[in-house]
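These are the residues of each chain, in order.
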Amino acid sequence: MTSVTYAVSDALAMTRRNLTRYIRIPTLLVFSTIQPVMFVLLFVYVFGGAVKGSLPHGVKYVDFLMPGIFVQTVVFGSTQTGVGLAEDLSKGMIDRFRSLPMARSAVLAGRTLGDGVRNTFVVILMTLVGLLVGFRLHAGALPAIAALAIAVGFGFAFSWISATIGLAVHDVESAQTAGFIWVFPLTFASSVFVPLRTLPGWLQSFARVNPITNTANALRALTLGGPTTRPVLYTLLWIVGILVVFMPFATRNYRKVA
Amino acid sequence: MSSRPAVQVEGIRKRFGKVVALDGVSFEVAPGTVLGLLGPNGAGKTTAVRILTTLLIPDEGRAEVEGLDVVRDTVALRARIGLAGQYAAVDENLTGRENIELVGRLYHLSRAEGRARAAELLERFDLVDAADRTVRTYSGGMRRRLDLGASLVGRPSVLFLDEPTTGLDPRSRIDLWKVIRELVAEGTTVLLTTQYLEEADELADRIVVIDHGHVIAEGTSDELKARLGGDVIEVTAARPADLARVAELLGQASAGAAVVTDEVAATATARVKRGATVLADTVRLMDAASLEIADLSLRKPTLDDVFLTLTGRPSDDAAAPHDDGGGSGPGRRAARREGARA
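Those protein sequences? They're chains A and B, same order as listed. So in numbering that gives the first Met the number 0, the last spot in the first sequence is 257, and the numbers never skip. So in numbering that gives the first Met the number 0, the last spot in the second sequence is 341, and the numbers never skip.
The hints are simulated quantities; they were obtained by calculation from the structure and are not laboratory data. A few of these clues could be false.
[Stated by the list, open to error] Now the in silico label distances, taken between C-beta atoms and shown as ranges:
#	chain 1	residue 1	chain 2	residue 2	range
1	B	D261	A	I33	44 to 50 Å
2	A	I33	B	R135	49 to 55 Å
3	A	I180	B	D261	47 to 53 Å
[Said to hold, decoys possible] Result set (SDA-like, lysine to any residue): computed pairs, CA atoms no more than 25 Å apart in a straight line:
#	chain 1	residue 1	chain 2	residue 2
4	A	K255	B	L67
5	B	K17	A	R251
6	A	K255	B	R14
7	A	K255	B	I56
8	A	K255	B	V19
9	A	K255	B	V70
10	A	K59	B	R14
11	A	K59	B	H211
12	B	K17	A	A167
13	B	K272	B	G218
14	A	K255	B	T301
15	A	K255	B	G23
16	B	K17	A	V168
17	B	K17	A	N252
18	A	K59	B	E9
19	A	K255	B	F15
20	B	K17	A	R254
21	A	K255	B	E9
22	A	K51	A	L130
23	A	K255	B	D68
24	B	K17	A	V256
25	A	K255	B	Y106
26	A	K255	B	V18
27	A	K51	B	T266
28	A	K255	B	A78
29	A	K255	B	R12
30	A	K255	B	D22
31	A	K255	B	G60
32	A	K255	B	D58
33	A	K255	B	A75
34	A	K255	B	T73
35	A	K255	B	K272
36	A	K255	B	V74
37	B	K17	A	L130
38	B	K17	A	D170
39	A	K255	B	G218
40	A	K255	B	K17
None of the values given here were measured: they were computed from a predicted structure. Ideal placement from N, C-alpha and C gives every residue a C-beta, glycine not left out.
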């Protein structure tokens, strides 16, 4: 076998290891789904009526909200990447892996891929929940699959930011806090829950360049219908941009972690 | 024998920020033997192990394991070593078997080979019954055994054990010692760090004592004890209030030898040349002064005495800071902490 096949098989072994935890502790998965489900129900039934007036004519709030929820779900979910790495670090697992003749890339690859798989599962589940409360895929099946792929890709990119943070702070609790504290405002100051036009001007300018807004808009175009090229292209650029910057950062932090 | 040492360390230095963890450490381990790296917390033991297992790069100096350089030949080196750290590095959510099989896959064993190896190691470490339970349900001793099993998957020729029995109950400790002896009998070279003098005494062919990043003594357990020479007399006062007086008389009897007192145990200890004579004098003096004695002993120096003499503090003191952080503290952090105390 070549070193590339080793790198792939090592990464897959690590991915499998990271996913086993969800099979062994199903409550973990239950709780990572309950929160987005709660967001769907609260927003649709509590804020839905208030927001409805500011939506483009003929758009139902649940159709507007669900693509936003997908982005929120993958971004919140990606914060677990750093927490998982910090946990491995604190339990000496990383030391063990680093002393093995395995591919150096496998620990980070296995963790981000594993979280990508989990995000895929949760987004599919969210889609089903959405369908139950009236969400419809107006643009058809293929764009919907593209929307899923983009959401998961965006979450994957955020996982590398999370990995960079988790490996920098080392301990689980700090990773939890540091990984989440900036994600929360970033998600709310975007078009995830409300149309941008309802925000005050200064916040609008921020929200407009927020990659989360871009991604929510791209997913909306792919599920509601409408022009997709620009938002999808911008989102893909953001994904690539984040990966180009944070893959080296995370890798450097992983090397330095000794 | 003129064969190449299994481990060779020459003038290794490593600092973390301003703290010097290792300050020019050199030692060797002969193939098929056990070297005990002994020292208080903060001495630099863990840092040395981390350098030898490629987890840390030394600032200066050179180290080889099986002739492979720890900085340049990392990939080949990792295939030849096993590491069991201070904390059982096993995944709680996997079963014992899955843990070992995962390590097998990362050693790039075939699936069949990995399965066979896992079965063999689970058997050896008496984990067959628990093999298919998640590690979450394992006791501390079982986790350590599994961890040691995982470190053996690649049939390492050199095994690094960083405080392998810290936090274990005496029964588990003795079991683990037995396994380590078996491995050595099969030809494995072992480098183990420990704060337990008894452990070094039991297992190690040679002992390297380090403190503050320096090697301060080296030799077999007997050689180290012989270096102190003479006998140790220990007197325990029946009434703690008498201790000062007891110590004074012991000093008088031993013709000015340094007397060390331990207030908690109410003991006074002196290291002397002609033990039997001093003992008789001591008894006479105590009797004349009507001091009541609870216990009186004449013995050869232990590694504890060696440690006390070399480092200026008892091994228990040195070990204490570790205990409060025991169990859950991160391995990497421990290395830093160790550095910080050096």
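Quick rundown of the hints versus the structure:
In this structure the hint that B:D261 and A:I33 lie 44 to 50 Å apart at CB is violated, the actual value being about 58 Å. For A:I33 paired with B:R135, a C-beta distance near 23 Å fails the hint of 49 to 55 Å. Between A:I180 and B:D261 the CB atoms are about 51 Å apart, so this pair conforms to the stated range of 47 to 53 Å. Restraint check for A:K255 and B:L67: the C-alpha separation of about 22 Å stays at or below 25 Å, so the hint holds.
Note on B:K17 and A:R251: the hinted pairing holds, with a Cα-Cα distance of about 22 Å set against a maximum of 25 Å. A distance of roughly 14 Å separates the Cα atoms of A:K255 and B:R14; the hinted pair therefore holds under the 25 Å criterion. Of the supplied pair hints, the one linking A:K255 and B:I56 holds, its CA atoms being roughly 10 Å apart against a limit of 25 Å. Between A:K255 and B:V19 the CA atoms are separated by roughly 18 Å; this keeps the pair inside 25 Å, and the hint holds.
Between the alpha carbons of A:K255 and B:V70 the distance comes to roughly 15 Å, so the proposed pair stays at or under 25 Å and holds. Straight-line distance between C-alpha atoms of A:K59 and B:R14 comes to about 62 Å, which puts the hinted pair past the 25 Å bound. About 70 Å separates the Cα atoms of A:K59 and B:H211, which puts this hinted pair outside 25 Å; it is violated. Restraint check: the Cα-Cα separation between B:K17 and A:A167 comes to about 20 Å, which is no more than 25 Å; the hinted pair holds.
Restraint check: the Cα-Cα separation between B:K272 and B:G218 comes to about 22 Å, which is no more than 25 Å; the hinted pair holds. Note on A:K255 and B:T301: the hinted pairing is violated, with a Cα-Cα distance of about 41 Å set against a maximum of 25 Å. Distance restraint check for A:K255 and B:G23: the Cα-Cα separation of roughly 23 Å lies within the 25 Å cut-off, and the hinted pair is therefore satisfied. Our distance criterion of 25 Å between C-alpha atoms is met by B:K17 and A:V168, whose separation comes to about 21 Å.
Between the alpha carbons of B:K17 and A:N252 the distance comes to roughly 21 Å, so the proposed pair stays at or under 25 Å and holds. The suggested pairing of A:K59 with B:E9 is violated, with an alpha-carbon distance near 73 Å, which exceeds 25 Å. About 12 Å separates the Cα atoms of A:K255 and B:F15, which keeps this hinted pair within 25 Å; it holds. Of the supplied pair hints, the one linking B:K17 and A:R254 holds, its CA atoms being roughly 21 Å apart against a limit of 25 Å.
With a C-alpha separation of about 24 Å, the suggested pairing of A:K255 with B:E9 holds against the 25 Å cut-off. Restraint check for A:K51 and A:L130: the C-alpha separation of about 19 Å stays at or below 25 Å, so the hint holds. At roughly 20 Å between alpha-carbon atoms, A:K255 and B:D68 fall within 25 Å of each other, so this suggested pair holds. With a C-alpha separation of about 18 Å, the suggested pair B:K17 and A:V256 falls inside the 25 Å cut-off, and the hint holds.
For the hint pairing A:K255 with B:Y106, the CA-to-CA distance comes to about 23 Å; that is within 25 Å, so the pair holds. With a C-alpha separation of about 17 Å, the suggested pairing of A:K255 with B:V18 holds against the 25 Å cut-off. Annotation: proposed proximity of A:K51 to B:T266 is violated, straight-line Cα distance about 84 Å (limit 25 Å). A C-alpha spacing of about 22 Å is found between A:K255 and B:A78, which places the hinted pair at or below 25 Å, so the restraint holds.
At most 25 Å may separate the alpha-carbon atoms for a hinted pair to count; A:K255 and B:R12 meet this at roughly 18 Å. Restraint check for A:K255 and B:D22: the C-alpha separation of about 21 Å stays at or below 25 Å, so the hint holds. For the given pair, A:K255 sits about 20 Å from B:G60 by alpha-carbon distance, which is consistent with the 25 Å threshold. For the hint linking A:K255 to B:D58, the alpha-carbon distance of about 14 Å falls within 25 Å, and the restraint holds.
Under the criterion of a C-alpha separation no larger than 25 Å, the hint pairing A:K255 with B:A75 is consistent with the structure, at around 21 Å. Restraint check for A:K255 and B:T73: the C-alpha separation of about 16 Å stays at or below 25 Å, so the hint holds. Restraint check: the Cα-Cα separation between A:K255 and B:K272 comes to about 53 Å, which exceeds 25 Å; the hinted pair is violated. The hinted pair formed by A:K255 and B:V74 meets the criterion: a straight-line CA distance of about 18 Å does not exceed 25 Å.
A threshold of 25 Å between alpha carbons decides the hint, and for B:K17 with A:L130 the separation of about 60 Å lies outside it, so the pair is violated. Pair hint B:K17 plus A:D170 holds up; C-alpha atoms about 23 Å apart against a cutoff of 25 Å. Proposed proximity of A:K255 and B:G218 is contradicted: the alpha carbons are some 35 Å apart, above 25 Å. Of the supplied pair hints, the one linking A:K255 and B:K17 holds, its CA atoms being roughly 17 Å apart against a limit of 25 Å.
The structure is inconsistent with the numbered hints 1, 2, 10, 11, 14, 18, 27, 35, 37 and 39, although it conforms to all the rest.
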